[in-house]
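Trainee: Heads up: the protein sequence lines correspond to chains A and B, in order.
Going by my numbering, the first sequence opens with residue 1, and the numbers climb by one from there.
Going by my numbering, the second sequence opens with residue 1001, and the numbers climb by one from there.
To be clear, the hints were calculated from the coordinates, so they are not data collected in a lab.
It cannot be assumed that every hint is accurate.
What the hints assert, rightly or not - The calculated lysine to any residue pairs, modelled on SDA-like cross-linking and capped at a C-alpha distance of 20 Å, are:
#	chain 1	residue 1	chain 2	residue 2
1	B	K1065	A	V113
2	B	K1009	A	I64
3	A	K137	A	V177
4	A	K158	B	K1009
5	B	K1009	A	S153
6	B	K1024	A	S109
7	B	K1024	A	Q111
8	B	K1024	A	G185
9	B	K1020	A	V113
10	B	K1041	A	V113
11	B	K1041	B	K1083
12	B	K1020	A	L110
13	B	K1009	A	R106
14	B	K1041	A	L157
15	B	K1024	A	I108
16	A	K196	B	I1071
17	B	K1041	A	K137
18	A	K80	A	P101
19	B	K1041	A	V181
20	A	K158	B	I1014
21	B	K1020	A	F112
22	B	K1065	A	Q111
23	B	K1041	A	D76
24	A	K4	A	G146
25	B	K1065	A	F67
26	B	K1041	A	K158
27	B	K1005	A	S109
28	B	K1009	A	K196
29	B	K1065	A	Y55
30	B	K1005	A	C114
31	B	K1065	A	I75
32	B	K1041	A	G146
33	B	K1009	A	P69
34	B	K1041	A	V177
35	B	K1020	A	K80
36	B	K1020	A	E131
37	B	K1041	A	I127
Quick caveat: nothing in here was measured; it's all calculated off a predicted structure.
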Amino acid sequence: MRPKFGVVVFPGSNCDHDAYYVLRKILGQDVNFLWHKENNLNDSNVIILPGGFSYGDYLRTGAIARFSPIMNSVIDFANKGGIVIGICNGFQILLEAGLLPGVMLRNISLQFVCKDVYLSTDNRRTIFTEEIPSDKKAIKIPIAHGEGNYFASDDVLKELQDNNQIVFRYSDADGNVNDEVNPNGSLLNIAGIINKKGNVLGMMPHPERACDSVLGKTDGQFIFKSIINYLTN
Amino acid sequence: MFRAKVIIKRRPSILDPQGKAVEKGAQHLGLNNIRNTRIGKYIEFDVLSNNRKEAEKEVNEYCNKLLANPIMEDYEFTLEEVK
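Excised from the complex, chain B in its bound form (with noise of 0.2 Å):
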């Protein structure tokens, strides 16, 4: 079995709105240093095979037909096998 972590983040050219608020609030906090937030998302999921290419087959699959929308995000996943 693995455990994947897939991590999902909006394509550099697409306007992350949520990410200029969360900055702002780091502007009053006082934390002037911060810049170019950018919110994503943080998924983990076991697979249940012991066969790391058709694991990743699997990962890709349910990454790019469900968990992320290529046209606004891309994404990137470790698998680590857990016995």
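The shape of chain A in the complex, shown without the other chains (with noise of 0.2 Å):
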């Protein structure tokens, strides 16, 4: 099957085009922007909700567009099994809407936080994931947030443990993961999990802003290519 994405905008949103961007030119995928008062996906089978601060990130970040009227739509797809993934914003709003576990408070530096980091990759194998070379100890991602402290109970958090949902944490390029290399205090190190069903995952670094080897980085490669190849396998 060959994959159709497609790309959720938000008030607010500003990372839409960068993700259009290297799908369509980088990877050569077929994909369309979708506007959040729409409830069509278009026949999408890759929902991406990207970065950004839709609606000022007013209230709290993903708040209100948790409200607009596509993630109806989205929350169905998801539901019934299809592909979810929420970048950073695109995260905090999967938050808000319930379909991931959790929360997000401010960065304990109260700073904005925008630098590459590493992750080390927890679960290899999930839809999101297959395509890391299994000798990489971590890939190198930037983030670019302000509230991506992710918080949850004790009991989420083994549950997100117990299932094998935590897929990314913070870690030094070795794979390492300690307070250190922790850069807004979140639990565990936590920068990326899945829903148990696995087909929705949440993100704070921004797999679209390292693709293009003119930026000099291009480890988000391996997050797209491996829910290509799972589609089209």
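Build the complex from these two chains, which are given one at a time in their own frames, with help from the hints.
Mentor: Here you go:
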């Protein structure tokens, strides 16, 4: 099957074009923008909730976007097993929508953090990570957020661990996870999680900003290529 | 009609980095007795209903589903009748 990507555009999204560019120009995929007021996912089989500042981050990040008309269709799609990836603000929207557990608190430093980070991949057997080479101890992908301090109750954290739902954790270049390399105070250094079924991924780092070799890093491609291979094979 | 006044607080178990940073300001001001600063939200709105129970129900739904995130926040509100 040739995958069809849909990038949702909320008022205040600002990484929608990056995602579109990477999928169309670099990876040669079929991709369309989906305006948040639509109900129709346009036969997409992968939905991307992009980064940005939907609704100006008013109230709480993602809290208002979660009620955009298209989100009903996205929730429905996800519940039926459709592939959804939320990046940065998209992750925050997935949390508010209840498609993933937990919340994002303000970065512990209170500062907006914009830099390259390394991620260890804790679960390589997902739709989103199969293409990450097994000898790669860490992938390099940038973050850019003010509220990426993942929090969940002890019960939820235990469940995430028991079900192998923690996919990415902030690490050093060798994949070692420790407090020193935690950029935002996130519990267990969590950078990305999947739902129980494994079809919904939320991650704070921006893989779409690490795909074009002109920018000096391409590890983000592994994530998109994993999805493409999963749907193609 | 009712005037609703909602206060949203972070749950006690949730870290409040903003409150901590503000409290550092208090120390810089020389206010050494200030402790446990927590920052929340205050929201006001009208409810177009003449039935208190019905109004309370709607305010609860607004708070639970949108204004507050129950994972990290608690809320309380008052409803004042406006003529």
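Trainee: Now look at each hint and say whether the structure bears it out.
Mentor: Quick rundown of the hints versus the structure:
{"no.": "1", "hint": "K1065/B with V113/A", "in the structure": "violated (29 Å)"}
{"no.": "2", "hint": "K1009/B with I64/A", "in the structure": "holds (19 Å)"}
{"no.": "3", "hint": "K137/A with V177/A", "in the structure": "holds (11 Å)"}
{"no.": "4", "hint": "K158/A with K1009/B", "in the structure": "violated (26 Å)"}
{"no.": "5", "hint": "K1009/B with S153/A", "in the structure": "holds (17 Å)"}
{"no.": "6", "hint": "K1024/B with S109/A", "in the structure": "holds (13 Å)"}
{"no.": "7", "hint": "K1024/B with Q111/A", "in the structure": "holds (15 Å)"}
{"no.": "8", "hint": "K1024/B with G185/A", "in the structure": "holds (19 Å)"}
{"no.": "9", "hint": "K1020/B with V113/A", "in the structure": "holds (19 Å)"}
{"no.": "10", "hint": "K1041/B with V113/A", "in the structure": "violated (24 Å)"}
{"no.": "11", "hint": "K1041/B with K1083/B", "in the structure": "violated (26 Å)"}
{"no.": "12", "hint": "K1020/B with L110/A", "in the structure": "holds (10 Å)"}
{"no.": "13", "hint": "K1009/B with R106/A", "in the structure": "holds (15 Å)"}
{"no.": "14", "hint": "K1041/B with L157/A", "in the structure": "violated (27 Å)"}
{"no.": "15", "hint": "K1024/B with I108/A", "in the structure": "holds (14 Å)"}
{"no.": "16", "hint": "K196/A with I1071/B", "in the structure": "holds (19 Å)"}
{"no.": "17", "hint": "K1041/B with K137/A", "in the structure": "violated (43 Å)"}
{"no.": "18", "hint": "K80/A with P101/A", "in the structure": "holds (18 Å)"}
{"no.": "19", "hint": "K1041/B with V181/A", "in the structure": "violated (32 Å)"}
{"no.": "20", "hint": "K158/A with I1014/B", "in the structure": "holds (18 Å)"}
{"no.": "21", "hint": "K1020/B with F112/A", "in the structure": "holds (17 Å)"}
{"no.": "22", "hint": "K1065/B with Q111/A", "in the structure": "violated (28 Å)"}
{"no.": "23", "hint": "K1041/B with D76/A", "in the structure": "violated (32 Å)"}
{"no.": "24", "hint": "K4/A with G146/A", "in the structure": "violated (31 Å)"}
{"no.": "25", "hint": "K1065/B with F67/A", "in the structure": "holds (10 Å)"}
{"no.": "26", "hint": "K1041/B with K158/A", "in the structure": "violated (31 Å)"}
{"no.": "27", "hint": "K1005/B with S109/A", "in the structure": "violated (31 Å)"}
{"no.": "28", "hint": "K1009/B with K196/A", "in the structure": "violated (30 Å)"}
{"no.": "29", "hint": "K1065/B with Y55/A", "in the structure": "holds (17 Å)"}
{"no.": "30", "hint": "K1005/B with C114/A", "in the structure": "violated (37 Å)"}
{"no.": "31", "hint": "K1065/B with I75/A", "in the structure": "holds (16 Å)"}
{"no.": "32", "hint": "K1041/B with G146/A", "in the structure": "holds (19 Å)"}
{"no.": "33", "hint": "K1009/B with P69/A", "in the structure": "violated (29 Å)"}
{"no.": "34", "hint": "K1041/B with V177/A", "in the structure": "violated (35 Å)"}
{"no.": "35", "hint": "K1020/B with K80/A", "in the structure": "violated (43 Å)"}
{"no.": "36", "hint": "K1020/B with E131/A", "in the structure": "violated (42 Å)"}
{"no.": "37", "hint": "K1041/B with I127/A", "in the structure": "violated (39 Å)"}
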